[in-house]
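Two chains, each in its own frame: build the complex with the hints.
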Amino acid sequence: MRLIIREDYDEVSSYVANYVKERINQFQPSAERPFVLGLPTGSSPIGTYKKLVELYKAGELSFGHVVTFNMDEYVGLPRDHPESYHSFMWNHLFKHVDIKPENVHILDGNAPDLDEECKKFEAEIARVGGIELFLGGIGPDGHIAFNEPGSSLTSRTRVKTLAYETIIANARFFDGDVSKVPKLALTVGVATVMDAREVCITITGAHKSIALAKCIEEGVNHMWTVSAIQMHPKGLVVCDEDATLELHVKTVKYFKSIEHVHHSLIGAENLSLQGGVKQLRVPAPNTARPATPLNGPYE
Amino acid sequence: MVATASSSKISKIVNARLLLDHKIVQDSYLWFQDGKIIHPQNLFFDQHRDADEIIDAKGALVVPGYLDIQINGGYGIDFADNEGSLEKIQDDINTVAKGLLQYGCTAFCPTVVSSAPEVYNKVLPLLNKRKGDAKKGSEILGAHIEGPFISHEKKGAHNQAIFRTGKNGICEFDEAYGPELMKGSEAVSIITVAPEIEGVIDVIPELAKRDICVSIGHSAATISEAETAVTKGATLITHLFNAMLPFHHRDPGMIGVLGAVDLPVPEDPLRHPAASNTSPYRNKPDPRPFYGLIVDGVHVHPNSVRIAYYAHPKGCVLVTDALSALGLPRGVYSLGGRDVEVDDNGAAYIKGTNTLAGSTITIDQSVRNFRNFTKCTMVEAIEAATLHPAQVLGISDRKGTLNPGGDADLLFLNDDLEIQRVFVYGEEVELHKNK
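From first to last, the protein sequence lines stand for chains A and B.
Take the first sequence: its position 141, counting from 1, is numbered 182 in my numbering, and each next residue is one higher.
Take the second sequence: its position 211, counting from 1, is numbered 200 in my numbering, and each next residue is one higher.
Bound-form chain B, shown alone (with noise of 0.2 Å):
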C-alpha cells in the first residue's frame, strides 16, 4: 500500500481498459503520483486528497511499459561499438534509447555481443542501470551480454576469435568482462553462456549469487547439459530456436527444456515463470526457465513460436535482438564489427552468407505478431513483454504490472494492439506520426 505524505499531483486515468492481475478490468482506474501508480483509498480518506489530474483514455487498453531484454542497437547504432569517445558513445547509446519509447518499449537491456575486454570495459560503465523518462529516453536494465563463453558450433553472427573458456572459474570472467561484473546486476542484469563450454556450470551460480540472470544460448548442448545449467540457476534460454542445435527427438537438446517439468521445484518464486496448465504444480513456480523469442516470422517459424507457447506459456518472453538496422531501410550494418545486410523482409543476415544476424523488429510488433501467431489472449501477448520479462530479471514488484508501488510506464494500445499513447514514470511521451 502506497500512501505517502506527498503533495505532489495524482493523475488518475479514466475510461481505460487496464491490464490488473492478468486481466482486462473495465471499471477500473490508475493513478499515479511521482512516476508510481499508486493505490489512492488511503490519500483520500486520511488526506482528503483526489485526483488532480483526470486522463481520458477514451476506452483504451492501458497496459505496462513493454520491456526488451536483448536488443543490440538501432538506428545505425551498435550497443558493441566501441569507435568514437565516450560522449559519441554516450549519446548513441541516448538516441537508441529515445527511439525506442517510440515502440512502447520504456525499459531495455541493451545487448552487447561477444567482444574483446576493453570494449566491454569502455561500454559495459555507459550501460549500467539507468532510470527511463519520457524526454531522454527508455530506462536502462542493465546489459545482456552475450558471449565470449559461448560455442564455436553456434557463434551465430559472434566473432569467435575472441570466444573463450571458462576453465579459471568466476576469475576468467571477471577477466573477460572487467571490474563492471562485480558490480552485478546494477551494470549486468543477463549474461547468455553455453553451458558446455568448460568451467561455464560451475560460474552460474557465483553468478546469479550476483544477481545476474544467466541465460543459455548460442550453445550446442545436449538436453542433460542443458538441465543442468537450469538446476545450477540458469533461467532464460536465449532466443530460443536460434544457436542451438535443433530438436532431435532422442537428444532434443536446448530446445527440450520446454519439456522439462520433472526438474526441480524452486522453493522461491522469484525470477522463475509462474505456474501455467502445462506446470506440474498449480500453486507452486514451473520448473522450467523463461526463454526469449523472436517473433519476427523470420528468425523462428510460427509454427514453432506455437509449440513453444503451448508447452510453456508462463515462461515466454519477446525479445526482438533488434541490431543497429532497426528503424532504418535495408542495406548493409554494424553488428560487433561485422557486416550484416537487411533484407526487403527486415531480416538481417551476415553478408554474403545466410546466417541470419538479428532482427530489425520493433518489440510492439513482437507483440502483435505473437498474438496473430498463437491466438493467445491479448493479455497473453502483453505479458510476454511485460510481466514474464520482468520476472526473468526479478523487478515485477516495479516494472510489467501495473500493480501499486510500481513504475508508472504506460501504454495505450488500441485493439489491434497499436501504440496511441506511451507514459513514463507518469510523463507523457512525445510520439512522432510517422515512425
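Just chain A, same shape as in the assembly (with noise of 0.2 Å):
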C-alpha cells in the first residue's frame, strides 16, 4: 500500500484528480477497451471532480471511452432527488464532461427488485472485464460506500440498511428531517471495491485522522472496514497532513522517506505510475523537478 501525504485537501484533490487523468490516458482507452473507474460520492471527491472536469475542460482528459460504476444510492429516493447520488454524479461529473451516457453505472434504488439490482450490478461490473481504479473515500468511522463498522469484508453489492447515526448526520440534507432521510442504501460491497485493479482513497481533515490510522496501522477489521485496502496488491491512500494527526510518527516518516528516495535517489523516469520501480538508470544528472504535483519530490 502507498500512502501520499499533501499539504492539504486541495492538493490532495489535484493529486487524485491528475492521477486519474495519467491512468486514463496511459491506459490509452477505446471503444473495444474502455477504462472502467469506480466512483464515490460524498464530501471527499468533490475537489476531484472540479480538478476533473477543469482537466476534461483543458483538453487534457476524455471521458468517451471511460466506464463508470458508482459505489451506491439510496433506496425509494426518486433519482432527480437533490440529495440522490444521480443528482450528485450529474451535477459534479457526469454533466459537464463527455462521458457516454450509457457507459454510466449507479445502482437504480427505485428498482423493482432491489436484490436483482444488485445481482444485475455485479454482473455489469464482471461484463466489462472488472474496474480498473476504484476511486473511495470513507467516513470518521472508517466506512467506505454504505460499508458501514461491522460490515463483511467479503460483501458484495447489496441492500444495506443504514447506521443510526448516519440516518442522522444525513438529516442535515433532508431539512433537518430524520423522518425524510432514507433508511436504506443499495451499496457496492467492501469485496466489489477490493476486486478492482487498484483502490485509491481519499482521507482528508483531522476529523478523519482516527480512522487513518485505524485503517493503516492496526489489523484489517471489519470494524473499520477500509483497513481491507492492506490485503489489496495496489492500494493507494491519498491524506492530507490534517489527516496524519493520529499517526505514530514513524509511519509518517515510513511512507514520506519512501517518496523522497523514490523521487530523489531513484528518479521520477525510473517509476511506473502506480509506484512500481521499472528499471534502475543512473539519473541524469540534472533531474529538473516535475511540473505536476503528482510526482514531484516530497518536501
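By construction, these hints were calculated from the structure, which means they are not laboratory data.
There may be inaccurate statements among the hints.
Derived EDC-like pairs (lysine to aspartate or glutamate); straight-line CA-CA distance at most 16 Å [said to hold, decoys possible]:
1) A:K136 / B:D16
2) B:K221 / B:D251
3) A:K141 / B:E42
4) A:K141 / B:D41
5) A:K136 / B:D39
6) A:K136 / B:D35
7) A:K136 / B:E42
8) B:K198 / B:D163
9) B:K422 / B:E407
Partial list, derived from the structure: chain B residues whose beta carbon lies under 8 Å from chain A [claimed, not checked]:
10) Y18
11) Q30
12) N31
13) F33
14) F34
15) H37
16) R38
17) D39
Here are a few chain A residues that sit away from chain B, every Cβ distance over 12 Å (derived from the structure) [to be verified]:
18) V116
19) E163
20) H273
21) H289
22) Y295
23) Q320
Keep in mind that this is a model prediction, so the values were computed, not measured.
Even glycine gets a Cβ: it sits at the ideal position worked out from N, Cα and C.
Now the structure itself:
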C-alpha cells in the first residue's frame, strides 16, 4: 500500500485528479477496451471531480471511452431528488464532461427487485472485465461506500440498512428531518471495491485522522472496513497533513521517506505511475523537478 | 422536471454565464429541446440521451428574452391604426413583431391607445396571443389596451373625444372593446384604466377574474383612489410618473403607491412582485403593484428612475412605450390617428406641443440605461425586462426565466448588455449588422 501525504484538501484533490488523468491516458482506452472507473460520492471527492472537469475542459482528458460504476445510492429516493447520488454525479461530473450516458452505471434505488438490481450490477462489472481503478473516500468511522462498521469484508453489492448515526448525520441534507432520510441504500460490498485492480482512497481532515490510523496502522478489521485495503496488491491512500494527526511519527516518516527515495534517489523516470520501479538507470545529472504534483518530490 | 420521451434534438449551451435563480452562474449549462428549456438529468440516466448539439456561448451572458408589455408600434406602424385591409394590418403587425427580435424583444404586448369600438373590433382579433418564431417574429402575449376609461386631465397623446366612463359597470367595457374582451387574457393581457373614473373601481375585480392585468394610469387619482384600486386588484401602474399627478407630499397621488407597503399582503404570489429589502415581509409577496418605467432618459428623469427603483426594486418593469417611429429617423409619425413629431433625441411629442407621446427607445437600450442610471446589478437590470414583466402577466413559469419548463427564448449578451445572439423557442434569429 502506498500512502501519499499532501498539504491540504486542494492538493490531495489535484493529486488524485492528476493521477486519474495519467492512468486513463496511459491506458489509452478505446471503444473495445474502455477504462473502467469506480466512483464515490460525498464531500471528499468533490474537489477531485472539480479538478477532473478542469482537466477535461483544458483538453487534457476525455471520458469518451471511460465506463463508470458508482458505489452506492439511496433506496426509494427519486432519481432526480437533489440529494440522490444520481443528482450528485450529474451535478459534479457527468453534466460537465463527454462521458457517454450508456457508460454510466449507478445502482437504481427504485428498482422493483433490489436484490436483482445488485446482482445485475455485479454482473455488469464482470461483463466489462472488472474495475481498473476504484476511487473512494471514507467516513470518520472508516466506512467505505455504505459498508459501515461491522460489514463483512467479503461483502458484495447488496441492500444495506443505514446505521442510526448515518441517518442522523444525513438529516442535514433533508431539511433536518430524520423521517425524510432514506433508511436503506444499495451499496457495493467491500470485496467489490477490493476486486478492482487498483484502489485509491482519499482521506482528508483532522476528523478522519483516527480512521486513517485505524485503517493503516492496525489490523484488518471489519469495524474499520477500509482497513481491507491493507490486503490489496495496489492500494493507494492519499491524505492531507491534518489526517495524519493520529498516525505514529514512524508511519508518516516511513511513507514520506519512500516518496523521497523514489524521487530523489531512484528518479521519477525509473518509476511507474503506480509506484513500481521499472528499471534503475543512473539519474541524469540535472534531475529537473517535474511540473505536476503527481511526481513532485516531497518537501 | 421535464423528462419527455421525445427523440428530437437536445441542444446544450456551454461556456455561458447563465442568469439562474437571480444569480449569474458560471459553471452550468443550459439545455433545450423542442423549444423548451429542459433539465436533462433524467434523460441522461433513463434514456441515455446526451446533447446532440453544443452551442458555444464563448463566455457571453445568456439570459431570458426581453418582454415589452407596452409598445405602440414601430417601423412606421401603429397598432391602433385601423385603416387598410385586415391583410395590411396583419402584415404590419408581423413587420413590427419581426423587427423587435433584433432588439432581443422576444415577446410583447402590442399596445392600443384609446380607440373607438369599431377600431378594437377590427384590430384586437389580430393581436391575440401568438407563439414567437425566429423567422416570423416576436411572441404576442395579448394586447395592452390603454384607455378609453382614462382621465381627460391626463390624456397624454390620446384622443379624448372617445374617452368614456364605466358607470354601467363591466357591460360598458364589453361595449367599448367588443367581444374580444370576453376572451380574457387570450386577447387582452393588460388594460390601463384611471381608477377615479366613474364605475372603474368596481370593474377591476371583474377584469382580474378574466385573467386580465388591470393597470392604473392616465389618471389624476389621489393616493387613496390609487390604493383602493390596488386593493381591488390592480397589479400594475402604467408608465410611472407619466400621465399622472406629480408627487405632492400631502397627497402623493399614484406615485405615492411606491410607498404603500401597508397595503394588504396578497395571499397568492401570482402577479405580485417578490419581496425586496423594502417589503414589509421578507417571505411574502410585496403588496405594492408592479410599475412600468420608460427609461429613455426623457420621459422619466434618471433621478426619478433611481427613486422608484430604490423604493420598490422588485416591482420595476421596463417598458419602451415605443411608437411607430421606433426604428425610424426623426420626422412626423402617426399615433392613434394623431401626428407625432420625433426630435433628434428620439423623444416623440404631439406635433406643435410639448406633450410627450411615447418613445422611440428599444428594450435592450432601456435595460442598459436602467443599469447606468441606477447602478444596479446586471441581474436586476435584466430581470426588470424579463422576470418582472412575466410576473405581471402571470407567465413566469414559461417566460422571463431560464428555468426548466420555460420557453427557450434566449439572449446572448456581452458585458455592456449588447445583444450578440437571439433565440426564439430554441431557434436562432438572424440579426442584422446595422439595426
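Status of the hints after comparison with the structure:
1. A:K136 / B:D16: The given pair, whose Cα atoms are some 10 Å apart, holds under the 16 Å limit.
2. B:K221 / B:D251: Answer holds: B:K221 to B:D251 is near 15 Å, not above 16 Å.
3. A:K141 / B:E42: holds, 14 Å
4. A:K141 / B:D41: Between A:K141 and B:D41 the Cα gap is close to 12 Å, so the pair holds against 16 Å.
5. A:K136 / B:D39: Holds. A:K136 to B:D39 sits at ~9 Å (cutoff 16 Å).
6. A:K136 / B:D35: holds, 14 Å
7. A:K136 / B:E42: holds, 14 Å
8. B:K198 / B:D163: Holds, because 14 Å separates the two Cα atoms, which is no more than 16 Å.
9. B:K422 / B:E407: OK: B:K422 and B:E407 at ~13 Å, within 16 Å.
10. Y18: holds, 6 Å
11. Q30: holds, 5 Å
12. N31: holds, 6 Å
13. F33: holds, 5 Å
14. F34: holds, 6 Å
15. H37: B:H37 check passes; min Cβ-Cβ to chain A is 4 Å, inside 8 Å.
16. R38: holds, 6 Å
17. D39: Result: holds, 5 Å to nearest chain A Cβ.
18. V116: Holds: least Cβ distance 16 Å, greater than 12 Å.
19. E163: Answer for A:E163: holds, closest chain B Cβ roughly 20 Å.
20. H273: holds, 30 Å
21. H289: At about 41 Å from chain B, A:H289 clears the 12 Å cut-off, so the statement holds.
22. Y295: holds, 40 Å
23. Q320: Given that every Cβ of chain B is farther than 12 Å from that of A:Q320, nearest at about 43 Å, it holds.
Consistency with the previously given hints is maintained throughout, with no hint failing.
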